[in-house]
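Protein chains in written order, with the numbering used here: chain A, 725 to 995; chain B, 725 to 995.
To be clear, the hints were calculated from the coordinates, so they are not data collected in a lab.
Check the hints yourself; a few may be wrong.
Said to hold, decoys possible - Computed, partial: chain A to chain B, Cβ under 10 angstroms:
hint	residue
1	854
2	881
3	884
Beta carbons are placed, not taken as given, at the ideal position from N, Cα and C, and that holds for glycine.
Number of protein chains: 2
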Amino acid sequence: MNYNELVENIRTKKSFLCIGLDTDIKKIPQHLLSFPDPVFEFNKQIIDTTHQYCVAYKPNIAFYESLGASGWQSLQKTLDYIPKNIFTIADAKRGDIGNTSGLYARAFFDKHAGGLDFDSVTVAPYMGKDSVTPFLEFKNKWVILLALTSNSGSNDFQLMQEGDEKLYERVIRTSQTWANHEQMMYVVGATHAEELAHIRNLAPKHFFLVPGVGAQGGSLQEVAKYGMNADCGLLVNSSRNIIYASSGKDFAEAAAIEAKKLKEEMEKLLS
Amino acid sequence: MNYNELVENIRTKKSFLCIGLDTDIKKIPQHLLSFPDPVFEFNKQIIDTTHQYCVAYKPNIAFYESLGASGWQSLQKTLDYIPKNIFTIADAKRGDIGNTSGLYARAFFDKHAGGLDFDSVTVAPYMGKDSVTPFLEFKNKWVILLALTSNSGSNDFQLMQEGDEKLYERVIRTSQTWANHEQMMYVVGATHAEELAHIRNLAPKHFFLVPGVGAQGGSLQEVAKYGMNADCGLLVNSSRNIIYASSGKDFAEAAAIEAKKLKEEMEKLLS
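Construct the entire structure; sequences and hints are all you get.
Shown next, in the form of structure tokens:
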């Protein structure tokens, strides 16, 4: 999916909601365990009831990888099931030396080489340019680079400062020489809402993927106030608050109610 | 495997060689493609001929992941086939918020929960403490944290400096408050041999995993000179120079010749 298509989807759906498919076999409703592929069945029903409210789905790859080969099959089926006009994010936080990152890119982007067909993948910047650029060689595929994350450990290294510049600021500045806003986004945690305005100045045109609204404690209004640009420029993720809204047989309907609430709030913020 | 066992294996085998299983379906000898699982068959034959010369094997997870579910099966079979007295490294460069890192830990460490049974996993430090500590909750399992890597992009962020301290130095200093040398190692690229002495001062007792000898250009003598401590404290990796020493039917014998050469050089350096 390219930049214009993504922006158009946000305008049409009046939503910038991303739903995180952090599907944990230990947390899904018991009655699903009798299905041949409980993880896929959970995702399928969640997608059925929520796809009208969101513009992106973000499977958290760890949840699938922790199940080994069968997890990869569930992931593949989930990806195939997501409607084609919805942006897909492999939340994998990969990053390795050039030729190895090339293989991760193949794994997530290259269906002709036996890989998956995600629109984007989250990438960790620690190893620098050659760990990121192999993902950019695929047309209409995106890198979503970690900048300022929402977890407690984000303080340990991301705020390190040389002269006037913090590490996460250097990541944003330097990486803009690798790709423009049509192929790069940044992960910016919503626990740092006041810093969003500053980060928006550093990268006026780029989309930000904002986790941490809901379970991690950020406020949607603040994120929109400080982070939105003329094309919206935001994908705000919610995972557990939506997909685990109910642990009963009504889980998919309960998820839809939560997704709809967020979507309606977003509609107001977009207008 | 615990620290003392690892050191004892190095003493007994007179080797600190780690062999990287960067097994690429596109590079393995043609005649293997008729086997039901060519990637595993390649690894099996490499392990058969080289296990006496090395103390560790390091499958590069990207190579398996790029093959999807079948790649995970090849990885599982490879891990099961590696003799139990050889240290195993999942070169995965993972790292995510706490609960997600917990799932990656399950994927690589927890065979009782359907995961693999590696001794260690490489972890990227960008997201800080809570992205690393979930891996440390498993007894006799190790984190191998990226510090100063051997790729060209290592300059982009790892050398950023606040006051007297570079980012990679802060990673080494800070992470020593999370785990000691019995559960933590560092990735230190051999392209920075002269910096190894400095890094050895920062972490006198920790093992360093040193990639970049061979294909990436480092010198084994220099690595030993600057990096070795009383317990050796080094695992030096070679991947392509060994496993792709020949592209013919003699690939496993050719790999053994290269591994034996390195082992004999290491034996001299250890004495």
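These are the hints, each one checked on the structure:
no., hint, result
1, 854, "holds (4 angstroms)"
2, 881, "holds (6 angstroms)"
3, 884, "holds (5 angstroms)"
The structure fails none of the hints (numbered hints given earlier).
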